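J.: First to last, the sequence lines map onto chains A and B.
Residue numbers are given in this note's numbering: position 578 of the first sequence equals residue 578, and the series is strictly consecutive.
Residue numbers are given in this note's numbering: position 63 of the second sequence equals residue 873, and the series is strictly consecutive.
Derived from the structure by calculation, the hints contain no laboratory data.
Model, not experiment: these values are computed from the prediction.
Heads up, some of the hints might be wrong.
[To be verified] Examples of chain B residues toward chain A, derived with CB under 10 Å:
1. 847
2. 892
3. 933
4. 957
Backbone N, C-alpha and C define an ideal beta-carbon position, used for all residues, glycine too.
In case you want the letters, here they are:
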Amino acid sequence: MPTLKIDNREINVPAGTKVIEAAERLGIMIPRFCFHPALGSVGACRVCAVAFTEGPVKGIQMSCMIDAQDGMVVSTTDAEAVDFRRHVIEFLMLNHPHDCPVCDEGGHCLLQDLTVAGGHGLRRYRGLKRTHINQDLGPLVQHEMNRCIQCYRCSRYYQEFTGYRDLGVMGIGSRVYFGRSAPGMLESPFAGNLIDICPTGVYTDKPSRYIGRRWDYQRQPSLCIHCSLGCNLTASARYRQVVRHEARPNLEVNGHFICDRGRYGYAYASIADRPRQAMAAGTPGPIVDILAGAREAIQQTVEKHGPGSVAVVVSPRSSLETLAVVKEACGQHGWTGPAAAHTNRQALNRNTAVSCLRPELAVSLAADTEAHDVLVIGADPLNEAPMLALSLRQVQRRGGHVIVIDPRGVQLPFDFDHWAVHPSAMGAILQALIQEIGGHRATAPDTPATFDITKLARRLNASPRPVVVCGTDILTPHEIALAGDLARALRRTHKVAGLFYTLAGANAFAAALLHDQPVSTEAVLDRIEDGGVRLLVAVEQDLWREFPDRKRLQAALKRLDHLVVLDYVDSPLNREAGHFIPTQPLYESGGHWINQEGRLQAASPVMAGGEPIEITGGSDHPPRVFDRRIPGDEPLAAWRAVAALAGEDEADPAPQLKTALADFHPAVNLSTPEATGQRIDLEAIAHDLVESGPAPEPAEDDAPADAVVLLLVDWTFGTEPLSAMAPALTRMEAAPVARLHPDEIARLGLAEGRPVTVSLNGNRLTVPVQADPRMAAGVMAVPRHHLLEWQVFGETRVIVKRSQLKAESE
Amino acid sequence: MSENKIKTDEKPLKPAESSGWSALKALVEGFATTAKHLARKPVTESYPEFKRQLPERSRARIVLTRDPDGRERCVACYLCSAVCPVSCISMQSAEQPDGRRYARWFRINFGRCIYCGLCEEACPTSAIQLTPDFENIQRDILTLVFEKKDLLVDGCGKDPSYNFYEHAGVTTDERGKGEHANEAPPVNVKSNLP
Ligand code: SF4
Ligand code: SF4
Ligand code: SF4
Ligand code: SF4
Ligand code: FES
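The whole structure should be built from the sequences, with the hints applied where relevant.
T.: This is the structure:
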């Protein structure tokens, strides 16, 4: 613990801390361009020069390159150091274009700030400026290479940190160039972070290009709700439109970065077809009347058919506030539900994961990076929870080892072992691993010999810090519980072993706390079909887009007496509903979310809402009308709308929210502000939900020889319903294809590139075939792509017989 | 008690000065001056009958000027709206197909403007300029809200020569990389030659 003196103030820092960081702890910001806490030091820019007056190092030195040592005396204000830095800035500006007025970085540009701070104003150099040709880097990142100051942050981030190779540094001397070897789309789904880390305007945000200056934005801390990881971000809004997301550092969750799905997925909040008007059977009306009408319809149904005839489904993406009020309403009135998962398997998967996540096993996304060995089972990080892939990349960079057991053709931006095993073998592998770790010789499951379970068990057992990462999308509850058992078995031999589940939905963890026995939409549809449920309230759950059997859903909805929909996205159901109530996305309502490791996080409201000026003004001047009301400001926070539906009269819903949150679950404590940002009390969650014991009777899932398992899966872009509405991201999507192993294509008599039609129970899905040699045999993976009508089979994991597959000639 | 006395340089009047005669003299002199001015041509100018040409630098109604080649100068950089102490300027920046950044709409609320001239001082392109036309009075306050078409004038105003896009490094239909003032031709990054 060296002690040093910076600007006459003493500080004690851990060994290995750089002087620049030590100064930061004292609140002294030494100028920097190339130093970045996530990327470390390189000493490329020379702008962090300070004077070392006493101690082991003397003279003007780069504070980012020197470890803090005992007895150092550092002056950041030393005249010679100040002069040095001034000259560095002047030097960096030699080739800089005369661009600030048209540069999107202007206003939050580190180069601008340090140029002004360093006092450099007038150009003295008479020579010509070196210039570069820009590249088209795709729809997300704009390139303007002339503004570069050669700090190397971009190439270090892109190649070292994320593990992609298609962007880097070229050229020599003063001509170094940062870009791709040829123009084209950036391959990394983390490319958007270039915008945040580049200290100048070389990389700027393309979808929000020329939209405004940061100083004009309404900026608030927010969260990403496009997967269950809950990355932190700062949302910006201007003129009633969400215009930008930036990564918000949270060293316990996402570190300094976010993925591109999270960065660009916000467009749904401001698009033109967002529903902003309450409707009764498709006819717009004042929201108070519609709410009253819906409340009356509920009352009538309850009077006629009893309280259980009213059912509620809610989205696992909705805020904790919404879930709590919905839970309270169902509990108080005896309504059926709330259902917060589509199928029984999905509901059980989620609740199993949450109940297996013991406090001593839970690790955060950031802690994942410190693992030595990570076993990923039934998860496809890049597609399901992109930032998890970046965490695993750090494991590999630190010399750790990642092994993925998954039937899909999992790709990760680093070297890892992939066991492409059939889904039906996953449980057996987990069980064998648990036995081996427990010291028993396991009977080898029916897997290829290359997958050496004993070796893997030894490896995990010998690891100083193993972590088990488990997905919940394609597995069964039994396997999810086994993953938990495996982590527990490892913990018996290790002080530290981690367990990390990914879930479906940003607030899926909270949704799991709604009931001990989870309710699914599937179960609610059963009740509708047998006439038990007569009125359905869908809260921010767009069943039409997300429920995996659209035909069944539509038939069931027809049987209903009444449908009430509350949502902020456009859907055919909104117009079909007896009553439709527009709600607010998180930018307007704010709220709390619990991510997949149980961390309670808050998002602040960013703006008041209302139709964007871009729309009301028709892209021209804002209309010249003045009103006390903002056009399109009707949407309510979903919890308010639910409280209004459930309440006796038009009482203030705030106390109702307070009690609902207090009663939500003993594990969730919102009463102290310190609880936000921390993991909830996992101890208070019942841990006996699912028996993991011996494998259940082999269900229909155990594929017969002439069948394949059809998995409907997530892709990074194109499957998550909200982000799929962002125009910039639709340009990143690949077209939907069914991926199979080449041998499987041959075995089934299909042809690569040609469509295949899957017919099951009278439903059909036609999709082109793509060969993927990394896939397991006997498996077909189809994305839940918004361009594909995949909502046909009622499940996202089904068995398909060979006779049910037909190669199309087209 | 202090010994200090307030000193005045008031001199006592002489008997001749305090007499009734001198008072009468002053009265007559005063009336004579008034009478003289009654017959003189006034030096004040009657507004609005007479409209004097104001100096170029006087600060009144704001305009948006054009480049010497007649294209819009404003690049919608938001510096004027940022510096405006009463926040009366608003705009929306956008990109034209030719690569130039411009204001898709631009609005000044003259009902609020205090004509301080800070916007003109902040403008990096000489686009926004205050003119001597101070006669901007309206009965309906809404007519004081000027849109871009009301603000945009032909000509360069007080800066006859500056063309921002001649200097800025961004590519437009007129200039590519290396073609702006003071720029070397673009580097060939694939070459190792010095
Ligand atoms: S990178 Fe910074 S200094 Fe350079 S033009 Fe952009 S805003 Fe100005
Ligand atoms: S492009 Fe940006 S991040 Fe990369 S070296 Fe240049 S200034 Fe640094
Ligand atoms: S990893 Fe998930 S939570 Fe994080 S930014 Fe990406 S989509 Fe959002
Ligand atoms: S400062 Fe000048 S260029 Fe910038 S927005 Fe205002 S008028 Fe336009
Ligand atoms: S920050 Fe130290 S050399 Fe760049």
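J.: Close enough to count: is the Cβ of residue 957 of chain B nearer than 10 Å to one in chain A?
T.: At 5 Å from the nearest chain A Cβ, residue 957 of chain B passes the 10 Å test, so the hint holds.
J.: For the hint on residue 847 of chain B, does the least C-beta distance to chain A fall short of 10 Å?
T.: violated, 51 Å
J.: Against chain A, with CB atoms and a cut of 10 Å, does the hint on residue 933 of chain B hold up?
T.: holds, 9 Å
J.: Mind checking the CB of residue 892 of chain B against every CB in chain A and telling me if the closest is under 10 Å?
T.: Hint holds; residue 892 of chain B Cβ to chain A Cβ min 6 Å, cut 10 Å.
The structure shown violates just one earlier hint, number 1.
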